[in-house]
Amino acid sequence: MTAVVAGLTPRPSDRPAARHLAKRPADELTVIIPAYNEAESVGDTVRSALGQTTAPARVIVVDDGSTDDTARVAREAGAQVITPSTNTGSKAGAQNVALEYVDTPYCMAIDADTTLAPDAIERLLEPLHQDARLAATCGFVVPRHVSSVWERGRYIEYLLSFTFYKPTQDYYGKPLISSGCFSAYRTDRLLEAGGWSERTRAEDMDLTWTFYQAGHQVRFVPEALCYPIEPHDFDFMGKQLKRWSHGFVQNVSLHWKGILPLGFLSTVVGVAFFDAVVASVIYLFVLPILAVVLQAPWILLVYVIDVPAVIVPVLVAARRRGEIGRALASLPSFFVLRSVNGFYMVEAMVTELVLRRPLLVYEKGH
Amino acid sequence: MNSAGLPGTGLGGMFYLVLAFWMPFAELPRTLRGRSSKARWRQVAQQFALACGIVASVGVTAAAYVRVAGVPSAFGERSPVLLLAPAVLAAILLSLLVLVLRVWAGFQRRFPAGL
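If you're matching them up, the sequences are chains A and B in order.
Its first residue numbered 0, the first sequence is counted upward by one per residue in numbering that gives the first Met the number 0.
Its first residue numbered 0, the second sequence is counted upward by one per residue in numbering that gives the first Met the number 0.
Just so you know, the hints here were simulated from the structure itself, not pulled from any lab data.
All C-beta atoms, glycine included, are put in the ideal place defined by N, C-alpha and C.
Just so you know, not all the hints are guaranteed correct.
These stretches of chain A come out as covered by chain B in the derived footprint (C-beta under 8 Å, 3 or more residues) [unchecked claim]:
| no. | stretch |
| --- | --- |
| 1 | 53-63 |
| 2 | 117-125 |
| 3 | 163-177 |
| 4 | 255-265 |
Take the sequences, apply the hints, and build the full model.
What follows is the structure, encoded as structure tokens:
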């Protein structure tokens, strides 16, 4: 694929990506921002990347066939813009276009609707700089806007996941996903993995598990914060849930043999998959049927049976952020989102595994 | 993609609790071998404290549910056992499944041509 680029030259294939590490690691970093019709948000993203405590060497925005002013806004904010001749069809495709122009030992992928805390890159790069075994690091994700029921649901989900689950996964050396919206990579390891694969709809999970199978490591850095814009309505949320659910099932189908020898990872994936199946079936079928058949509406309390378990890590995280009230007000939305998520998980399992009709189209849903 | 599956539910929640409770025991040998650090112990302490908080929160809520709120208990005095049984069965089933898959994958690696 040819690309129109201003001031950028592709990396020669025989040139080693890694070189002597500088004292300020962000000088050795390229930020890649894939964008499709992100004129409203990409300017903030670029400015937050360039305004870091250790600014990156360059910020590349891939304007992937946008029909709005994405390219102009990104350029005015200070990014170098790559415009592929045709739409690549996926976030992974857009990122791979930019990867050809990366000549720094580190690179980073940020979604075009995501802003960073001022020291996010510095914090994310520190472990990469210190530990050569690491292929990637990922940070703590907090929704930028917390207003609609879907944003609130995600807010609670992230506080829970990034406060309890992910640090636990990290302690045992295997964070489940190095989130695509905010991760830093050692460029040579990324190239060795073939860049971001387009074979699943969750390229970040695919890449993370590929790293593990190659013997590399990934770290979660909770101090590195990013703020994506989460889907604000059901339409956008549905697209995202569909993509994530199908992506998860596709990655399990693709990698299960490869990750089985990795004891902790295979167990985490197995538990997540088992829960996704069992909990979804219980939420969607078992509980409503039991409540009707037994004429016992209190059975529906099972939908929120784990409130006491969820609320502890959520409140701990919210207290650190001074957002106790927001967390308490958002808690019910989490259970709404989870039940809806159950529907998309079942749909993905049936479509991917039973009907053998894989989701091939990457549909943007933030 | 920032999460997978359905966070906060059933077996997964208990799995992470067990992992968090196991952390001090995993860290101790590392410390004795000189491969630990204050930062690692801070992480262990945080996750362990969270796990304790979760168990306490669930315990208090369960006690309130049964004794204070007077919500009808379908299973009477045996409710803890009956509530725990599906979780234990699920864990056993999952362990067996992972074991079978591992054996299968190992077999396929050893005999790539298949049968």
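Status of the hints after comparison with the structure:
1. 53-63: Check failed, 0 qualifying residues.
2. 117-125: Coverage by chain B is violated for the stretch 117-125 of chain A (0 residues, Cβ < 8 Å).
3. 163-177: holds (count 9)
4. 255-265: Our answer is that it holds, as 5 residues pass the Cβ test (under 8 Å) against chain B, meeting three.
Of the numbered hints stated above, those contradicted by the structure are hints 1, 2, listed in ascending order.
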